[in-house]
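Colleague: The residues making up each chain are set out below.
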Amino acid sequence: MSGADNSGMIKAIDFSSKDHYRTKAFPSPFFTRQQAVNELQEWGRWADYLSPRAYYCSSMEYFAARNASAVFDLTPMSKYRISGPDALPCLNRLVTRQVEKIKPGRVGYCVWCTDAGQVIDDGTIFHLSEGEYRLCSQERHLDWLLTNTVGFDVTVSDETHMVAALALQGPTSCATLKAMGLEGVENMKPFDIEYFPFEESQLMVSRTGFTGDLGYELWVEPRYAEALWDRLFEAGKLRGIQAMGDEALAMLRVEAGFIQAGHDFMPAHATVRTTHTRSPFELGLSWLVDFDKPVFNGRKALLEEQARGHRYNLVKLDIDGNKPANDSFVYTTGKKLIGTVTSAIWSPSAKASIALASVKTPHGQSGEEFLVEIYYQKELKWSRVMARARVVSDVFFTPPRRRQTPPADF
Amino acid sequence: MTNDIIIIGGGHNGLACAAYLAKAGKRVTVLEAAEQLGGAAITREFAPGYQVSAGAHLLYMLDKNVRKELALESNGLAFSQSNMKTVALAEDGDHLVIANNSAQGAGITDADQVALQEYQRFMTRFASIIGRLHNRIPPRIATKNSSDLLTLAKTALDIRMLGRDDMREFLRIAGINIYDILQENFDHPLLKGALSMDGILGTNLGPRSNNSVFTTLHRLSGLQGINMPRGGLGAVSEALATVARKHGATIRTSAVVTRICMQGDRVTGVELQDGEEISASAVVSSADPRTTFMGLLGARNLEAGFVRRINNIRMRGTAAKLHLALDGLPAFKGLEAGLLGERILIAPDIEYVERAFNQVKYGQHSVHPVAEITLPSLHDDSLAPNGKHVLSAIIQYAPYDLKNGWASQKAAFTEQVIDLLEQYAPGIRQQIIHQEMLTPVDIEREFRISGGHWHHGELAIDQFLMLRPAPHSAQYLSPVDGLYLCGAGSHPGGGVMGSAGRNAASAILKATQKDERS
Ligand SMILES: Cc1cc2nc3c(=O)[nH]c(=O)nc-3n(C[C@H](O)[C@H](O)[C@H](O)COP(=O)(O)OP(=O)(O)OC[C@H]3O[C@@H](n4cnc5c(N)ncnc54)[C@H](O)[C@@H]3O)c2cc1C
Chain A
393 MSGADNSGMI KAIDFSSKDH YRTKAFPSPF FTRQQAVNEL QEWGRWADYL SPRAYYCSSM
453 EYFAARNASA VFDLTPMSKY RISGPDALPC LNRLVTRQVE KIKPGRVGYC VWCTDAGQVI
513 DDGTIFHLSE GEYRLCSQER HLDWLLTNTV GFDVTVSDET HMVAALALQG PTSCATLKAM
573 GLEGVENMKP FDIEYFPFEE SQLMVSRTGF TGDLGYELWV EPRYAEALWD RLFEAGKLRG
633 IQAMGDEALA MLRVEAGFIQ AGHDFMPAHA TVRTTHTRSP FELGLSWLVD FDKPVFNGRK
693 ALLEEQARGH RYNLVKLDID GNKPANDSFV YTTGKKLIGT VTSAIWSPSA KASIALASVK
753 TPHGQSGEEF LVEIYYQKEL KWSRVMARAR VVSDVFFTPP RRRQTPPADF
Chain B
516 MTNDIIIIGG GHNGLACAAY LAKAGKRVTV LEAAEQLGGA AITREFAPGY QVSAGAHLLY
576 MLDKNVRKEL ALESNGLAFS QSNMKTVALA EDGDHLVIAN NSAQGAGITD ADQVALQEYQ
636 RFMTRFASII GRLHNRIPPR IATKNSSDLL TLAKTALDIR MLGRDDMREF LRIAGINIYD
696 ILQENFDHPL LKGALSMDGI LGTNLGPRSN NSVFTTLHRL SGLQGINMPR GGLGAVSEAL
756 ATVARKHGAT IRTSAVVTRI CMQGDRVTGV ELQDGEEISA SAVVSSADPR TTFMGLLGAR
816 NLEAGFVRRI NNIRMRGTAA KLHLALDGLP AFKGLEAGLL GERILIAPDI EYVERAFNQV
876 KYGQHSVHPV AEITLPSLHD DSLAPNGKHV LSAIIQYAPY DLKNGWASQK AAFTEQVIDL
936 LEQYAPGIRQ QIIHQEMLTP VDIEREFRIS GGHWHHGELA IDQFLMLRPA PHSAQYLSPV
996 DGLYLCGAGS HPGGGVMGSA GRNAASAILK ATQKDERS
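Chains A and B, in that order, are what the protein sequence lines are.
Here the first sequence stands for residues 393 to 802, numbered as in my numbering.
Here the second sequence stands for residues 516 to 1033, numbered as in my numbering.
Treat the hints as calculated values from the structure; they're not laboratory data.
It is possible that some hints are incorrect.
[Stated by the list, open to error] Here are the simulated EDC-like cross-link-like pairs (lysine to aspartate or glutamate), alpha carbons at most 16 Å apart as the crow flies:
(1) Lys692/A - Asp780/B
(2) Lys848/B - Glu869/B
(3) Lys685/A - Asp780/B
(4) Lys692/A - Asp957/B
(5) Lys493/A - Asp584/A
(6) Lys493/A - Asp622/A
(7) Lys570/A - Asp622/A
(8) Lys1029/B - Asp996/B
(9) Lys925/B - Asp896/B
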């Protein structure tokens, strides 16, 4: 197991030590609690952290999120504090959307691009309080963010390791938080941020998540991490709370139609072959590109792309049969190769084989039919099907409780 | 009334660009911050009654086309000296004199003579490949544009036309260092020292640094003999200004541009220090790229990847300039009076030059600097009172970012340089009436060149052609509509050439025609 030293102990992150970089994988502040319930001991990596792939059974963890509530450790996510008089203009130059529309106490989804208009990553901007922002993303971006500060009166600091975070997702999540004593949490609307007293400190709660369901994200100082975990599981005990790993989350996010760096697009800064990246338009994110604001990274290239036409469409596919279409080629019904599947699962909630796929324009119109080439095996005997698939415009799973305020009590 | 085109900076490139654009019928206004035109190609007083070429002091790269097309000779340009020799000073007074492919004195061997001729032959040949690019707008690489492809093809052809042996040699040496080349070809220390100066003058390189063959070839590429304009280098700028005015350009001095104004994605004009706003449909900047983009336009008006590229341009000046007003002609040990007016070098051997460079790596100035010395007043009595003289010398290495700053160390450095001169010309210290030392920091202040850099940014293979000053602002364009570049920071770089100004004018004419059509 990586991250363990010779004594078999996991070293906690210690930035006062000069050689902290020698440790390849850090335990998260929730590690002791995660380890206690991690029956499989299947640890993966997320940047410099150990991150559980699954705790006991990824399908059961998935069902906990859809039918009760599931807890996912978000600590490894990159978190950057952006503050100072020019925080807003600096962010507006960084991302493609109008940041002014994200009011204090609100969260907004965004993407940011290279000058060539190619997506570096997607993430969320938390407008913590007037002029104070936090940018969260899967990949690390400190170098790019610092480059973006030149000419602005703004400071960017990496607070990834200074904030411990859990996602609590699922229909009983609100009730669990209420039971934990968060008064008024039921009044939070999607994308709201609220602060609640916690131990001698403060708990920040945002009604956000990566599951397309009712859910919250909880943010505390690392020293209160274990207390948060304990109180959450205590309050959720009778509400079906379970810990959840990466594998379950991967299913949930495809059902919600959310894209992920490294799967549905290559982060432009980590891509050697420049034609393998995607613009926001090519990821179905044109609603995030606001040409009404002046200079932003990629503006010129994106204007040109808009005039010239896009190369790809990212589509949601509903595929016949029950075989997940991982890594499949996508063809027209006339068998012309036009793209590849980027993410695929058998969706337990939609009861369908679903996928996200990148196809060449002009293909990808709603209702268009494709053939998807699926290889599968039964006891080492391989077969191939050319399954019919349809482009759908609606998200595969989007329950009304996702937006309902106040959510149902349990 | 709105102007067609505003040009920021009345250095020689800004003025050349203005002349070409005005000639093509554009309404042009040049705005120069200083009281006097010329930028780093200027003649100005440095002590009462004494004039000096305060920046560039020798003319050897002036673009033939500019000279002819703008008829500079009929507009005031004349020469006090042409085809100057190079004198490589020896401490013992047994100097080496290099002229027209041959060297005399200092016991030079026949073998070195032959080697020198061969060296001049192949270097001139290789330099001409780079030279032919000076008058071409640099091509884009990944392109379907036919003129870009033609330029690339022509360059490839130029290299092929060298023949098998020379082509192989060109490809071998283009990326390596001048130290190795000179060691391979020559024995005489003075000869190697003198020739290495072609690779390092105005650069942040020592003879052993990679890229120093490229800088040598660049310098040789425009070489048409080393000349001294009558009245100093300012005469080139004055002639260009005269031509520009004749064609109707307006030229203003003491006009400091503080801001390039933008609306939407387009440049709309400039704002001056006194608050005056001048609108124009295009703005052309001859200021260095960092001043233009970071200072005048502002990083916030640019996309971040481009900002990073501009900030990463290497532009650390290492050349200082010494000006002396002398009570009479200095006497260099063993140097006959007839050679005093030539180009005089202190670079006694190539190891000395490399050692002079060693200190700059660590933020110090050379302990034993190298120098390129001229006595312009010897053949031009307009520069000094009767019987008195002016010495102008380029001194290397004096890094822009000297550890602990220049303020406290400039006086001592000046003394050290005068001690060095005293070694070769005993008694010169007593002849000094006035002295002026311009460190790169002073050069930055006087000429408004970031880093005080000779070329507005290091001349290197990765900062040349379509990479100069940075991708997306090559071809004299910029990421901002209506903003163009025309100074030494653009292709083909610094030195008093006028090529950047001329090429920029043709790129701008092409672009504005396209704008008018659409
Ligand atoms: C010490 C030294 C010695 C050199 N010796 C030689 C030599 O011997 N031979 C040779 O060929 N070359 C030499 N060079 C190189 C040569 O002088 C330069 O490369 C060349 O003069 C650059 O010309 P330019 O017109 O591109 O830019 P510049 O001459 O730098 O002109 C730019 C102009 O823009 C103006 N400007 C900048 N900002 C503003 C603003 N905000 N508002 C208005 N105006 C502004 C500046 O005042 C300046 O006049 C030397 C350079 C240095 C520094």
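Colleague: So, for every hint listed, does it hold in this structure?
Modeller: Tested hints:
1. Lys692/A - Asp780/B: 9 Å, holds
2. Lys848/B - Glu869/B: 25 Å, violated
3. Lys685/A - Asp780/B: Roughly 10 Å between the alpha carbons, so the hint for Lys685/A and Asp780/B holds.
4. Lys692/A - Asp957/B: 38 Å, violated
5. Lys493/A - Asp584/A: Holds, at about 13 Å.
6. Lys493/A - Asp622/A: This hinted pair is violated, its Cα atoms lying about 36 Å apart.
7. Lys570/A - Asp622/A: At roughly 15 Å apart (the allowed maximum being 16 Å), Asp622/A and Lys570/A satisfy the hint.
8. Lys1029/B - Asp996/B: 12 Å, holds
9. Lys925/B - Asp896/B: 30 Å, violated
Checked against the numbered hints listed earlier, the structure breaks hints 2, 4, 6, 9; every other hint is satisfied.
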